[in-house]
Amino acid sequence: MAVGIGGGGFIGVAWEAVVGTYVAPVKYIPILTETLTQTQETQWRRPIRQNVDNLGGVPGNATVGGDIEMEALAESCIYFHSSSRANGVKTGAGAPWTYTYTPTTLAQQIATKTMSITIVRNGIVHGYVGCVVSSFKYGIENGMLKATFSVMGMDETTQSLPTPAWTGLQLQPFGAGEYAIQIPTATPVTNVDTFEFTVDDAGEANYRLKTGSRGPQFIKWGERTVTLTIEQDYESRADLDAFKVLTAQSITLKATKSTQEEITIVVPVAIKDTYAVGLSGQGELVRAAIAYQGVYDSATSAAYSIVIKSNQTITVP
Amino acid sequence: MAQYKIRVEMPDVPKGEPVEFAHLGVFANGGTYDLDEDRVELWRTCVSGGHEPETFKIEEAMFPEGVRVTSGVSTPKDSQPPAEAKEG
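Chains as they are written, first to last, in our numbering: chain A, 1 to 317; chain B, 1001 to 1088.
Keep in mind that the hints were calculated from the coordinates and are not lab data.
It is possible that some hints are incorrect.
Not everything, but these chain B residues come out facing chain A in the computed CB check (under 7 Å) [said to hold, decoys possible]: (1) D1012; (2) V1013; (3) G1016; (4) P1018; (5) E1020; (6) L1042; (7) G1049; (8) G1050; (9) H1051; (10) M1062; (11) F1063; (12) P1064.
Given the structure is predicted, the values throughout are model-derived calculations rather than measurements.
Quick reminder that beta carbons are idealized off the backbone N, C-alpha and C, glycines included.
Using the sequences and the hints given, assemble the complete structure.
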């Protein structure tokens, strides 16, 4: 086989009927980078028997995982959110559909929501099965909204080479001029230039003694951490004072490309965790770097919600 | 020489929506189209990474649900009837 470069590769996803049983892709996702790998806890033999060399390996537990970074296209993100620790609801009479994702307290993914992720690298097919989203991040980089989904799975398998179909060709990622940030929600501000939203559900591979597989029996989710960071012009000490007394506020970021393509991130109760403001140079603007913790909101029963509008038609598992 | 046709009827994609198959082209969902032989050759070369492309049969490729490529035998161009005769 000849050498290959990244551009020839591709990634496709499908939900599994049975956890860990491969399903060929039903949707192909344009990505920027991916790092899915198999990790093995091989036990290296070091018995004491008049020898100082490694005497071989004994199979240990094995798992798969890594990050998938992509342009935050609405039609792509709904697939990953549907495999995260969230309940997805689809509404609308027809396209564009509105998909609303609200976090849950599940300990593990339910059967129909695990994903098979097919990654082809240099024409070689890798079928990752039993995959769930352990954490995800949205951030604006040079004006473009990007998403990173951290995936954990059960095994890597050899599969047949699929032929991708690329749909949504008219869609472009969200760019500069297409964002509305509201602090608090419903009050637009124009003094923020960076935004990063992260949800970490603390995925952890859980192994059990069994026959035939070294992969985890399931991926356990733990404590959820919702964080939000922004950088803002420092124009008043009101926010600093609010930080000192742990005042909560709702924060919304809405990215709108068209009436068919929107992503709205809502953190209904955000409390400032750190607030840093300093004089960084003669010609530098005085700015505040603020990190928020997203706290459970009893009114909406959620620490965050994500609403995605897309023409993509899926049956939310 | 083989003549290939691609049928694009993806159930989850709106009718008329453009669907791209890398190296083969862009097709509106809900139709059957002739495939250019040169494009098929390009597809074989890219899918195989240039390694024995002739062993990659496009009619055996695993396309998504609702997509199928079939092959027949084309009529050599010089033996085809003129356009006026076809219309009649």
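Legend entry - Contradicted hints - numbers only: When the structure is compared with the hints, numbers 3, 6 turn out to be violated.
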